[in-house]
Amino acid sequence: MGERMRRILLVLAIVVVGTAGAVTAATAAGRGPGDSGGGPLAILGPKAAVTYTPAADATGVNPATAASATVTDGTFDEVGLVDGAGKAVKGELAADKKSWTTTSPLDYSTSYTWKGSATGTDGKQVPLVGGFATLKPAKEVRGTLNIGDGRTVGIAAPIQIQFNSHVTDRAAAEKALSVTTSTATEGAWGWLPDENGGSRVHWRPKEYWKPGTKVTVKANLFGVDYGGGNYGAANVSSTFTIGRAQIVKADVNSFQMIVMRDGKQVASYPASYGLGSDPNRNTRSGIHVVSEKFTDKRMVSEQYGYDVVEKWAVRISNNGEFIHANPASTGAQGSSNVTHGCVNLSIDNAKAYYDTAIYGDPVEVTGTPVQLSAKDGDIWDWTLNWNQWKALSAL
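Residues -25 to -1, 1 to 370 (mature numbering (1 follows the signal peptide of the UniProt record, and there is no 0)) make up the sequence shown, in order.
Treat the hints with caution; some may be incorrect.
[To be verified] With a Cα cut of at most 25 Å, we get these calculated BS3-like pairs of lysine-lysine: (1) Lys65 - Lys193; (2) Lys181 - Lys224; (3) Lys62 - Lys73; (4) Lys114 - Lys73.
Derived by calculation from the structure, the hints in this document are not laboratory data.
Construct the complete structure from the given sequences, taking the supplied hints into account.
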């Protein structure tokens, strides 16, 4: 082989090797081990997956449960929940657009449907589908608080919740109740016999409330299963204040009614209490609680044959006992007990006391053999000692 031929072959070898190297480099750049060679579509992520709470097509859902939708491998474009009439439920979309949760309560006996869509990391939209239905109660039971927002009440005031039907599962109801106070206060709930067609529960402190205490009671009763197919109709709450410490000292044998305020005597009124010789007419001994008052109150008794209207009447129990004006007993006031159980004062003195009385003021009656009790109805909370009261809790 001549020198010229050897040079030609050397050049050809270099070209072949270079070309092979270029092919190998292009192959490495375009496709690695295991690469399918599918081009740009091969690097896209998975499609969006949406999960729902409650689960899709669930029935008998408690409406107190928050509904939510969550997306993985994507974000929501829009999301919402509507009832059968197309009314949207209020909700909030998370900042990362990956979850949405209701912020307003659902309704009983209602079907809901999810609306909207999510876009996955594959760039494709996925529609929200399905829905759920809430339970239908046999009865929606409402609880009513006796102390409204912003009120000022006396130091013996019980918090009362009256239900409009019987509550079978009292423990479930009681777990939904809370009382918070600005001053450390020991207290407890107690279930009293049904009244006015429904169950009732009271909260009272171990000792009289401290004046100035701010109290917040919350009854998160919506959705609570009371048993027997009955459920709580709504939440209720109230924030109120304990007022001055006014206490009436009513010793029937003194023929006086003394008013104490913040530890000091502010009044002493000549009074006549229930006739001592008739147990039915005895003013009951024990801690009564002012519940309501009337400028004029009709008082009727078939047993004792009277039907009169008396002025400045302050109810202290639900058995007919009032502190009120009675001109007919003026001669006995301050010297003898002749009434049918009420505390009689003169018109001027009754008006003076009436003007100071508020719900929850204690009236401490002493000196008679007949005790205030459950038979006297409504508020007899303070006739029980602390251990007896705590035993009325369902928890």
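Do the hints match the structure? See the list:
Proposed proximity of Lys65 and Lys193 is supported: the alpha carbons are some 23 Å apart, at most 25 Å. Restraint check: the Cα-Cα separation between Lys181 and Lys224 comes to about 20 Å, which is no more than 25 Å; the hinted pair holds. Distance restraint check for Lys62 and Lys73: the Cα-Cα separation of roughly 23 Å lies within the 25 Å cut-off, and the hinted pair is therefore satisfied. Between the alpha carbons of Lys114 and Lys73 the distance comes to roughly 38 Å, so the proposed pair goes past 25 Å and is violated.
Hint 4 alone, counting from the list given before, is not met by this structure.
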